[in-house]
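Take a look at the letters that make up each chain.
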Amino acid sequence: MPSNDLPAPAPAAQAESSTPIQQSEAPKLTGAELKKQKQAEKAARRAQAIQGKHVIPAGPPPAVQKGEPKQQKRRGSTAGSRDLPIRQPESNAAPKPPPVEDKTVEFFRHLSKPHRKTIAGTPKDIHPAAQILGMQFSTYVICGSTARLLATLEVFKELVQSYVVPPRTTLKLHFTTHVLNPHIGYLISFRPLSISMGNAISWFKREISKVSIDLSDAEAKKMLCDAIDVYIRERVTFADQAIAASTTEKIRDGDVILTYAKSSIVQRSLLQAHEEGKKFRVIAVDSRPLHEGKNLAETLANAGIEVKYCLINGLSHNIQDATKVLLGAHAMMSNGRLLSRIGTALVAMEANDAEKPVIVLCETVKFTERVALDSIVLNEIAPADELVIPGGALEGWRDVKKLQLCNPMYDVTPAEYIQMIVTESGCVPPTSVPVLHRLVNEPEIQ
Amino acid sequence: MPSSQAGYAPNLGFYLKSLKAQPVESSIENLISLLKRRQITNSRPCAVATAHLLLQVVAKFRWTNVNKLIERIQDVGRRLIEAQPREMVVGNIVRRVLGMVRDEAKEDRNDDASDSASNSQMGSPHQEHSDQGTSHLGGPPPSFSPLRFSTTEDSDSTEANGDDVFGGKPQTASRPPLITSHTSYAPAGGLPPQKSMFQLLSANPSPASTPSGAQSPHNTSSLNATSLSHRITTSSKDLKAEVIEGIEEIVDELDQADDRIAAQSLEYIHSNEVILTHSSSKSVQKFLLEAAKKRKFTVIIAESYPNDHEATHKSVTRSISTDAEGADELSTPKFSKSLSDAGITVILMTDATIFAIMSRVNKVILATHAVIANGGLIAAAGARIIAKAARVHRTPVIVVSGVYKLSPQYPFEFESLIEYGDPGNIVRYQDGALVENLEVDNPVYDYVPPDLVDLYITNIGAHAPSYLYRIVADHYKAEDINFDKPELQ
Chain A
1 MPSNDLPAPA PAAQAESSTP IQQSEAPKLT GAELKKQKQA EKAARRAQAI QGKHVIPAGP
61 PPAVQKGEPK QQKRRGSTAG SRDLPIRQPE SNAAPKPPPV EDKTVEFFRH LSKPHRKTIA
121 GTPKDIHPAA QILGMQFSTY VICGSTARLL ATLEVFKELV QSYVVPPRTT LKLHFTTHVL
181 NPHIGYLISF RPLSISMGNA ISWFKREISK VSIDLSDAEA KKMLCDAIDV YIRERVTFAD
241 QAIAASTTEK IRDGDVILTY AKSSIVQRSL LQAHEEGKKF RVIAVDSRPL HEGKNLAETL
301 ANAGIEVKYC LINGLSHNIQ DATKVLLGAH AMMSNGRLLS RIGTALVAME ANDAEKPVIV
361 LCETVKFTER VALDSIVLNE IAPADELVIP GGALEGWRDV KKLQLCNPMY DVTPAEYIQM
421 IVTESGCVPP TSVPVLHRLV NEPEIQ
Chain B
1 MPSSQAGYAP NLGFYLKSLK AQPVESSIEN LISLLKRRQI TNSRPCAVAT AHLLLQVVAK
61 FRWTNVNKLI ERIQDVGRRL IEAQPREMVV GNIVRRVLGM VRDEAKEDRN DDASDSASNS
121 QMGSPHQEHS DQGTSHLGGP PPSFSPLRFS TTEDSDSTEA NGDDVFGGKP QTASRPPLIT
181 SHTSYAPAGG LPPQKSMFQL LSANPSPAST PSGAQSPHNT SSLNATSLSH RITTSSKDLK
241 AEVIEGIEEI VDELDQADDR IAAQSLEYIH SNEVILTHSS SKSVQKFLLE AAKKRKFTVI
301 IAESYPNDHE ATHKSVTRSI STDAEGADEL STPKFSKSLS DAGITVILMT DATIFAIMSR
361 VNKVILATHA VIANGGLIAA AGARIIAKAA RVHRTPVIVV SGVYKLSPQY PFEFESLIEY
421 GDPGNIVRYQ DGALVENLEV DNPVYDYVPP DLVDLYITNI GAHAPSYLYR IVADHYKAED
481 INFDKPELQ
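Just so you know, the protein sequences line up as chains A and B, in that order. Oh and the first sequence: position 54 is 54 in UniProt numbering, straight run, nothing missing. Oh and the second sequence: position 186 is 186 in UniProt numbering, straight run, nothing missing.
So here's chain A without its partners, still in its complex pose (with noise of 0.2 Å):
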């Protein structure tokens, strides 16, 4: 928020500098003017208050009035104290600026955190790769756990390659500290971690810490690229595999299958289900601000699925049709929970009120040993901007006092509406999550 650090310096700086005034000045004036001038401020204050009535005048009045203080602030340093007396009172009496408003919502307080939207400002020492990744991240062009994770990943082969180790040290101290993190923290400015990249993260620093010292800097790159290549074969393309396996055997002739918004296993396991010849309706359900349900009824449909596509309001007209429930996800809690994008717990819901069996197809990387009951404690919130439809009345909202937009982008869906999470693992219920987590993520606990 620009506006944010704008005017938040002025009240301090009036106190700062009305105060010392207003001592050395007052005794130029006399009591009775003085007294006079209050009056007719009150007054003034009076007939504002009774017009406005509770409404504490928005926007741009106090701006007006913020400006004010500061230039006559200016002007008294420069051009002595002959209008010193009529200005002070002013000054004195003037309603303080009221303090610049908080648009984030109270609930998500804690979660609030400023997007960085342009590369503009980067430090010099960011990979490009990584500013255009940071960018791509922002506009949402790669979205969604899984791509992120790849994406990320692919961004840290490119700065394990390009790293020349510097003297008198060696890519084990060196790289973590200095390029690593600084990229992360980079990256993070544009969007919070998922989980999966928070998982891939401790695991590649695991893997620096192991290479030896005795490895030449080629042989350390060229094994650190490796074993990237390696995890994502194994804990991304050859889980999404085995997910797309076991998922497609779950798809009988005649299903129907909902889903909701877009996850890329989802997708694959559909086409692939299809691909084998199986005859199955699917029903598209999607919400704003990102529409990623749409794409996903358009590549589904493109491959000659029959597709129905409705946004959320239309969910409980059409869960009733449904056999099937496959949800994506972003990540699974310890508790079982699973934290998806906003408006699966919905979808979960009405499917568990209907008796439709939910299936969350969920890779184990991303699994966290982190807990929660509800989507307030851990999420991510999007810009609220990205509400504000081009052209809508929500353009001028910031202008609106005490009017809030709220934009999380996931939700947490209780466990008890998850039948089956389907891992590369196995299928398992998501009481399992916890243990799994354990046995796939955390290898040096065993």
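Everything labelled a hint here was simulated from the structure, so no lab data went into it. A portion of the hints provided could be inaccurate.
Stated by the list, open to error - Cut-off 25 Å, straight-line C-alpha distance, at most; resulting in silico cross-link-like pairs (PhoX-like, lysine-lysine):
1. 401(A) x 60(B)
2. 210(A) x 124(A)
3. 401(A) x 296(B)
4. 293(B) x 282(B)
5. 324(A) x 278(A)
6. 113(A) x 103(A)
7. 294(A) x 279(A)
8. 205(A) x 221(A)
9. 36(B) x 363(B)
10. 157(A) x 172(A)
11. 477(B) x 401(A)
12. 106(B) x 363(B)
13. 103(A) x 296(B)
14. 282(B) x 17(B)
15. 17(B) x 240(B)
16. 363(B) x 401(A)
17. 240(B) x 296(B)
18. 60(B) x 20(B)
19. 401(A) x 294(B)
20. 324(A) x 279(A)
21. 363(B) x 103(A)
22. 222(A) x 210(A)
23. 222(A) x 294(A)
24. 293(B) x 103(A)
To be verified - The calculated label-pair distances, taken between Cβ atoms and stated as ranges, are:
25. 377(A) x 296(B): 21 to 27 Å
26. 432(B) x 174(A): 51 to 57 Å
27. 399(A) x 430(B): 26 to 32 Å
28. 276(A) x 469(B): 49 to 55 Å
29. 451(B) x 321(A): 38 to 44 Å
30. 225(A) x 272(B): 53 to 59 Å
31. 469(B) x 241(A): 54 to 60 Å
32. 17(B) x 291(A): 53 to 59 Å
33. 139(A) x 17(B): 30 to 36 Å
34. 276(A) x 420(B): 43 to 49 Å
Please read all numbers here as calculations on a predicted model, not as lab measurements. Where a beta carbon is used, it is the ideal one built from N, C-alpha and C, also for glycine.
Please arrange chain B on chain A, whose structure you already have, making use of the hints.
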């Protein structure tokens, strides 16, 4: 709710203005086409338009007989309902008016009967045996009198049809035979009740029972009716005034419903509560605004994309008056305050966020399109998932609705009540290939079953969903409930 077009498209305001200038028949056609073209949408505008139209129908219709009036209203109502069966308020208002006419007519008849009783007593003292029968009409009804009334009504309507065939006697023409009709009535109406009961039950009325006058060749009860209708003619002026007054009362009720509901808001909203609502309902806005005068709380609004989001956005940013309804256009353009003006923190979010935020919500307040007799409601799409998410989180769900939205209909197939909107709101034609390959679904309304609702707040108080059928019974007459579907009657 498809957003009403701005600009020069006719809306409720224009329609109401045109009502007085136009002949009734073209007004009816006009409203039918407005309803069909969805230029008047949403419950309240439809209700207001219907009530005003019926007012004109009653005022300009020259009727000699209450049953003819009822038929006329039924006919107009049927056409309106056919034009837009999913605007259930249209039918509600027609039924309300019908019920009101019946009440007035009954009252009138009772008064009249007692009049004529005294009349016949004075005019024909020799017919003392008739006292018994006539006084039954006027006095506290004995057990069989309702039956008698219903028979007269039935035959009356056939009589009215006959009247139509013969060109319908104008009001003035029917006045002179007033006295004769009275005299003829006296023996007819004054038949000993035992005798008329006997006629009722006997399959073939014996010619012997035909009274001396014998204007009607078939049976006495029809003659009875003729005379009744004549008598009604005399009082039709009063009756008409009463009916018009009754319709005006309904119009007033429509105007005041929101305020009456809002007046109760302080009982339901307390300080620092978090209230979730959706779409842009005027009733809900007023309800919240009224509470905002005294208390500070937070309102979360789900935007109800894609059918009502524009209105919702406008209502929170206060670009124009909340819904382009037109009822206000009649008066000076009054701008209602927005919630954020009233010092309330307003959080706007997408419909998908409902579940995520529900754990922090204290109360859900839903607006409604129509309420049906079982306590369920038809509301903007998305209401059902809100209500369900609320139930999962054990959050109370309050529905705010005027009694006029309460429909006596009980459809067993709820899907039939759901209107589907323009799929172009979801997938635009610019998307090309998508449009051709996809089936796109855009329901405008949701059915919310009664078990998801905790409380209804109407202009006559707060009720449990299970009690609504009683209110239905209070407001509508059983014989009017299916008037638009003759096969069900």
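To see whether the hints hold, each was checked on the structure:
1. Restraint check: the Cα-Cα separation between residue 401(A) and residue 60(B) comes to about 51 Å, which exceeds 25 Å; the hinted pair is violated.
2. Simply put, residue 210(A) and residue 124(A) have alpha-carbon atoms about 29 Å apart, too far for the 25 Å limit, and the pair is violated.
3. For the suggested pair residue 401(A) and residue 296(B), the alpha carbons sit about 15 Å apart, so the restraint of at most 25 Å is met.
4. Taken as a hint, the residue 293(B) and residue 282(B) pair is honoured in the structure, with Cα atoms around 17 Å apart against an allowance of 25 Å.
5. For the given pair, residue 324(A) sits about 15 Å from residue 278(A) by alpha-carbon distance, which is consistent with the 25 Å threshold.
6. Between residue 113(A) and residue 103(A) the alpha-carbon distance is near 12 Å, which keeps this suggested pair within the 25 Å criterion.
7. Taking the CA atoms of residue 294(A) and residue 279(A), the gap is near 21 Å; set against the 25 Å cutoff, the hint holds.
8. With a C-alpha separation of about 13 Å, the suggested pair residue 205(A) and residue 221(A) falls inside the 25 Å cut-off, and the hint holds.
9. As the CA atoms of residue 36(B) and residue 363(B) are separated by approximately 36 Å, the hinted pair breaks the 25 Å bound.
10. Our distance criterion of 25 Å between C-alpha atoms is met by residue 157(A) and residue 172(A), whose separation comes to about 15 Å.
11. Taking the CA atoms of residue 477(B) and residue 401(A), the gap is about 49 Å. The hint is violated against a cut of 25 Å.
12. A C-alpha spacing of about 45 Å is found between residue 106(B) and residue 363(B), which places the hinted pair above 25 Å, so the restraint is violated.
13. For the suggested pair residue 103(A) and residue 296(B), the alpha carbons sit about 18 Å apart, so the restraint of at most 25 Å is met.
14. Our distance criterion of 25 Å between C-alpha atoms is met by residue 282(B) and residue 17(B), whose separation comes to about 22 Å.
15. The suggested pairing of residue 17(B) with residue 240(B) holds, with an alpha-carbon distance near 23 Å, which does not exceed 25 Å.
16. Restraint check for residue 363(B) and residue 401(A): satisfied, since their Cα atoms lie roughly 23 Å apart, inside the 25 Å limit.
17. Of the pairs offered as hints, the one joining residue 240(B) and residue 296(B) is violated, with about 49 Å between alpha carbons and a cut-off of 25 Å exceeded.
18. With a CA separation close to 10 Å, the supplied pair residue 60(B) and residue 20(B) stays within the 25 Å bound.
19. For the hint pairing residue 401(A) with residue 294(B), the CA-to-CA distance comes to about 19 Å; that is within 25 Å, so the pair holds.
20. Of the pairs offered as hints, the one joining residue 324(A) and residue 279(A) holds, with about 14 Å between alpha carbons and a cut-off of 25 Å not exceeded.
21. For the given pair, residue 363(B) sits about 23 Å from residue 103(A) by alpha-carbon distance, which is consistent with the 25 Å threshold.
22. For the hint linking residue 222(A) to residue 210(A), the alpha-carbon distance of about 14 Å falls within 25 Å, and the restraint holds.
23. Distance hint between residue 222(A) and residue 294(A) is unfulfilled; the C-alpha atoms sit about 40 Å from each other, more than 25 Å.
24. The suggested pairing of residue 293(B) with residue 103(A) holds, with an alpha-carbon distance near 23 Å, which does not exceed 25 Å.
25. Between residue 377(A) and residue 296(B) the beta carbons are some 26 Å apart, a value that agrees with the proposed interval 21 to 27 Å.
26. In this structure the supplied range 51 to 57 Å holds for residue 432(B) paired with residue 174(A), their Cβ-Cβ distance being about 52 Å.
27. Residue 399(A) and residue 430(B) have their C-beta atoms about 30 Å apart, which keeps the hinted 26 to 32 Å range intact.
28. For residue 276(A) and residue 469(B), the Cβ-Cβ distance of about 53 Å falls inside the hinted range of 49 to 55 Å, so the restraint holds.
29. Distance hint check: the CB atoms of residue 451(B) and residue 321(A) are about 22 Å apart, inconsistent with the given range 38 to 44 Å.
30. For the pair residue 225(A) and residue 272(B), the supplied restraint of 53 to 59 Å holds, since their beta-carbon distance comes to about 56 Å.
31. For residue 469(B) paired with residue 241(A), a C-beta distance near 58 Å keeps the hint of 54 to 60 Å intact.
32. A hinted range of 53 to 59 Å for the beta carbons of residue 17(B) and residue 291(A) is inconsistent with their spacing of about 42 Å.
33. In this structure, residue 139(A) and residue 17(B) break the distance hint of 30 to 36 Å, their C-beta atoms being roughly 50 Å apart.
34. Hint check: residue 276(A) to residue 420(B), Cβ distance near 34 Å, so the stated range 43 to 49 Å is violated.
Checked against the numbered hints given earlier, the structure breaks hints 1, 2, 9, 11, 12, 17, 23, 29, 32, 33 and 34 and satisfies all the rest.
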